[in-house]
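All chains, full assembly: derive it from the sequences and hints.
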Amino acid sequence: MSNLHEISASDALAGVQAGRIQLLDVRNPAEIEANGTAVGALCIPLSALRIKGDPNSPEFDPALTARPTLAVFCAVGARSAAATELLSGYGHDVRDLGTLRSWRDAGGATTQ
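Number 15 in UniProt numbering belongs to position 15 of the sequence shown; there are no gaps in the numbering.
Possibly wrong hints are sitting among the right ones.
With beta-carbon atoms standing in for the labels, derived distance ranges [to be verified]:
(1) Glu-59 / Asp-105: 32 to 38 angstroms
(2) Thr-69 / Asp-105: 17 to 23 angstroms
(3) Ser-8 / Ala-82: 16 to 22 angstroms
(4) Ser-10 / Arg-50: 27 to 33 angstroms
It is worth saying that the hints were derived from the structure and are not from the lab. C-beta: ideal position from N, C-alpha, C; glycine also.
Listed below in structure tokens is the structure:
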């Protein structure tokens, strides 16, 4: 892959199964309700990551550091790319998974 911050769905699936990767869904709650999400994914909309993803923020979500690496996804890939750059800037080890569809296509479990 051309971007060092990208991860394939099959590699993400293996990392989740091994306990090394935490999935992060950055879609809006209405999208998640309508289309489901990956089983075990944290769900934090991109609009909230600026405060919830910053370790120096009082609103920081410690679940973001429960596993060594985050793999971020959304609906079409634009928000996951933006979230990957944002979280990387905060010092997180983060990879762009791209889309929920790629997760499903690799055999990843979803809530719908």
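Against which earlier hints does the structure fall short, listed by number upward?
Going through the list in order, the structure violates no hint and respects every one.
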